[in-house]
Amino acid sequence: MEQPEQDIATSLQPPKTAAEPQAPPVPEPQESWGEGRDVFNAEKVSCYYGAFRAVTDVSLTIYENEITAFIGPSGCGKTTVLRTLNRMNDLVPGAHVEGDVRYRGASLYGKGVSPIAVRRNIGMVFQKPNPFPKSIYDNVAYGPRINGEHKKSKLDEIVERSLRQAALWDEVKDRLKASGLGLSGGQAQRLCIARTLAVEPDVVLMDEPCSALDPIATSAIEDLMRDIKARYTIVIVTHNMQQATRVSDRTAFFSVLRNEESDTRTGVLVEYGRTQQIFEDPKDSRTEAYVTGQVG
Amino acid sequence: MAVMTGQQPNLREPAGWRRTKNRIATVLMVVSFVLVVIPLVFVLITVVARGISIISWQFLTADIPPQVVPADVGGIGPAIVGTIEIVALATIMAVPLGILGAIYLNEYGGRGVLARLIGFMADVMTGVPSIVMGLFIFSIWVLHFQFSGFAGALALGCLMLPVVIRSTDEMLKLVPNPLREGSYALGATKARVTMTVVLPAAIGGIVSGALLAVARAAGETAPLLFTILTVTTVNRNPFSGPNTSIPSQIFANATSPYVGAQDRAWGASLTLVVIAFLFMIAARIVTARFTRYSR
Numbered sequence: 001m002e003q004p005e006q007d008i009a010t011s012l013q014p015p016k017t018a019a020e021p022q023a024p025p026v027p028e029p030q031e032s033w034g035e036g037r038d039v040f041n042a043e044k045v046s047c048y049y050g051a052f053r054a055v056t057d058v059s060l061t062i063y064e065n066e067i068t069a070f071i072g073p074s075g076c077g078k079t080t081v082l083r084t085l086n087r088m089n090d091l092v093p094g095a096h097v098e099g100d101v102r103y104r105g106a107s108l109y110g111k112g113v114s115p116i117a118v119r120r121n122i123g124m125v126f127q128k129p130n131p132f133p134k135s136i137y138d139n140v141a142y143g144p145r146i147n148g149e150h151k152k153s154k155l156d157e158i159v160e161r162s163l164r165q166a167a168l169w170d171e172v173k174d175r176l177k178a179s180g181l182g183l184s185g186g187q188a189q190r191l192c193i194a195r196t197l198a199v200e201p202d203v204v205l206m207d208e209p210c211s212a213l214d215p216i217a218t219s220a221i222e223d224l225m226r227d228i229k230a231r232y233t234i235v236i237v238t239h240n241m242q243q244a245t246r247v248s249d250r251t252a253f254f255s256v257l258r259n260e261e262s263d264t265r266t267g268v269l270v271e272y273g274r275t276q277q278i279f280e281d282p283k284d285s286r287t288e289a290y291v292t293g294q295v296g
Numbered sequence: 297m298a299v300m301t302g303q304q305p306n307l308r309e310p311a312g313w314r315r316t317k318n319r320i321a322t323v324l325m326v327v328s329f330v331l332v333v334i335p336l337v338f339v340l341i342t343v344v345a346r347g348i349s350i351i352s353w354q355f356l357t358a359d360i361p362p363q364v365v366p367a368d369v370g371g372i373g374p375a376i377v378g379t380i381e382i383v384a385l386a387t388i389m390a391v392p393l394g395i396l397g398a399i400y401l402n403e404y405g406g407r408g409v410l411a412r413l414i415g416f417m418a419d420v421m422t423g424v425p426s427i428v429m430g431l432f433i434f435s436i437w438v439l440h441f442q443f444s445g446f447a448g449a450l451a452l453g454c455l456m457l458p459v460v461i462r463s464t465d466e467m468l469k470l471v472p473n474p475l476r477e478g479s480y481a482l483g484a485t486k487a488r489v490t491m492t493v494v495l496p497a498a499i500g501g502i503v504s505g506a507l508l509a510v511a512r513a514a515g516e517t518a519p520l521l522f523t524i525l526t527v528t529t530v531n532r533n534p535f536s537g538p539n540t541s542i543p544s545q546i547f548a549n550a551t552s553p554y555v556g557a558q559d560r561a562w563g564a565s566l567t568l569v570v571i572a573f574l575f576m577i578a579a580r581i582v583t584a585r586f587t588r589y590s591r
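From first to last, the protein sequence lines are chains A and B. Residue 1 is where the first sequence starts when you use the working numbering, and the numbers rise one by one after that. Residue 297 is where the second sequence starts when you use the working numbering, and the numbers rise one by one after that.
With the rest of the complex left out, here is chain A:
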C-alpha cells in the first residue's frame, strides 16, 4: 500500500477524484468494513508532553470511508493519538511526537508541512460543544470564509448544505441570525459538526462528541455519522462502548501500561481490529476484561 512520496502541497489535497493506482475498487456491495484505501498510517508513534511520554509506539492504519473508534480507560492516550492526527497537539506547549504519521502517503510531521494545511483537510469536533459567540450562520460560514469564500449566494448554499448534513437545518432555518450560544447542548454539537463539514474536510476527527449529550441527541449524532460516512473518513474517541459497537467499523483498544520500577505510566495500543472481532472475540486478555466490563 506504499504510495510514492509526493510533493507535500499536492499530497495534502484530498485525492478523492484521483484514479486509484492499485487494484480498482470492487464494484459488488461489500460489508460496511470493506478495506478502503489507507488514510492514516501510524508507525511507532510516541507522544510526549514535555518529558512525560503519554503514548508509546502506536502503529495502526485507518481506512477510507470507515468509522474507526478509539476506546480505553481514562489516561490511556486515545485523545492524544487523535489530536496527533491533525496536529492539534502543536498548540500544547511542550508537546511533541516521535515516529511517523502518514496521511494519504504524506508525512504529517515532515519538514515544511503546515499544520494549517493539515487541519483544512482533517477537521475536528471536540468533547464539549464550542460554538463561536457568533450567529448560527456565521458559525457555519466561518470555515469557508477563512478559506476565501465571500460570495453570499455560495455561502448561503454551503450553510444550508452543512446544516442539513448535520441534521440541524429544520430546527434552526428560521433563526440563522440568532446566537450559536443559545442552542441546546445537542444542537450546539451538531452546529459544531456542521461547521466542520462546511470546509469539506477529508477526515473528521471526533473527540468524545456525545459525552455531554443526552441519549436522544447522541442517537441523532450517531445517525448523522452513519449518513456522512460515505463521503468522509471518521475517527471517534469514545468512552461509551455501546456507541463503538453501534457506529464503528473498526475499533482500537488503548490501555495504560504501568512501569512499577520507574513508577511511570504510558498509553499503549493493545489491540486493533474490526469492531465485531474486538467485542466478540478479543485476542488480548486486557481487551476482553475491558469490553466485558470487568475493569475500567
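Worth flagging that the hints you see were computed from the coordinates, not collected in a lab. All residues carry an ideal CB built from backbone N, CA and C; glycine is no exception. Warning: the hint list may mix true and false statements.
What the hints assert, rightly or not - In silico PhoX-like cross-links for lysine-lysine, where the CA-CA straight-line distance does not exceed 20 Å: (1) LYS173(A) / LYS154(A); (2) LYS469(B) / LYS128(A); (3) LYS134(A) / LYS486(B); (4) LYS134(A) / LYS177(A); (5) LYS152(A) / LYS128(A).
To be verified - Have a look at the derived ranges for each label pair, beta carbon to beta carbon: (6) GLY185(A) / LEU356(B): 52 to 62 Å; (7) LEU470(B) / ARG231(A): 34 to 44 Å; (8) LEU396(B) / GLU280(A): 57 to 67 Å.
Fit chain B to the supplied structure of chain A, relying on the hints for placement.
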C-alpha cells in the same frame, strides 16, 4: 430521628451559635457596605452642592479669568478643550499599543522571555507614581522641546499603557481555549484566530477597560504639572505651547485665597465628575452591546 406519624417535623432553624454567627456576619457586611458608600455619597453631594450653582454655558466655554474676579465672570473653557485634546492624544497612543501588547502577551509570547519581561515591566509601570511619570516626561521631552499638550499626553499615555495592557490581558485570558481550538481545527492561522474569534469574544471587556483607563487619565493632575503648565485662553494646538486641563485648573484655583477662584474649582470638579460618569455609562453600553452574542 424518625418522623412520628401525625406529628409535624420541626423544620425550623435551631437557635444557637450557628444562628448567631449568621447574624453577626450579616451585620458586618451591611456595616462595611455603608462605610464604603458614605464617603462616596458625601463626595458626590458636596461636589454637586457647591458646583451646581456656578455651572452655566458661559462657565463651560468662557476663558479663564484672573483669580481675583468673582465666580459669575469667566469660566473654564480652555481647560475643557485642553483636557479633550490631551486625553484624546493619550488615548490614541496608549490604547492601540496596550491592546497590541496584551495580544502579544496572551496569544503570541507564550511563556517566552520577552513576554514575561513585558508582563513584568507593565506591572512595574502600574506602580510608578504619576508625578514621577510627569517628571520623566519633563526631563526627556519638555526640557528638549517645550511645554505642550502633547507632552502631557505622553505622560498620561505612559500612565494608561500598563492599565490597558493588564485589563486587556485579563479579558483575553477569559476567552475559553476550546474557542481557539475550534478555529484552529478549521484550518485558521493564528492571526485569523486572534482577529475573528479571540478579539470579538473579548472586545466588550477590552473597550470598557480602555474607557475606564481614559476616565482615570482625564482626572490626573500630577503628571500635567510639569508638562503643560496652565493657560487662560484656549490653545487649539496641542503640539505647541503650554496648555491647561480641568484637573490643573482645579488645583490652581482651589489653592487660591480668592472666593471666586474657589467657586470655579468646585464647578470644574463637578464638570470632571460628570465627564467620568459619562465614560462609565459609555463603558457599560459598549460592554452590553458587544456581548449580545455571548448570552
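Against the structure, the hints:
no., hint, in the structure
1, LYS173(A) / LYS154(A), "holds (17 Å)"
2, LYS469(B) / LYS128(A), "holds (19 Å)"
3, LYS134(A) / LYS486(B), "holds (19 Å)"
4, LYS134(A) / LYS177(A), "holds (9 Å)"
5, LYS152(A) / LYS128(A), "violated (30 Å)"
6, GLY185(A) / LEU356(B): 52 to 62 Å, "holds (55 Å)"
7, LEU470(B) / ARG231(A): 34 to 44 Å, "holds (38 Å)"
8, LEU396(B) / GLU280(A): 57 to 67 Å, "holds (59 Å)"
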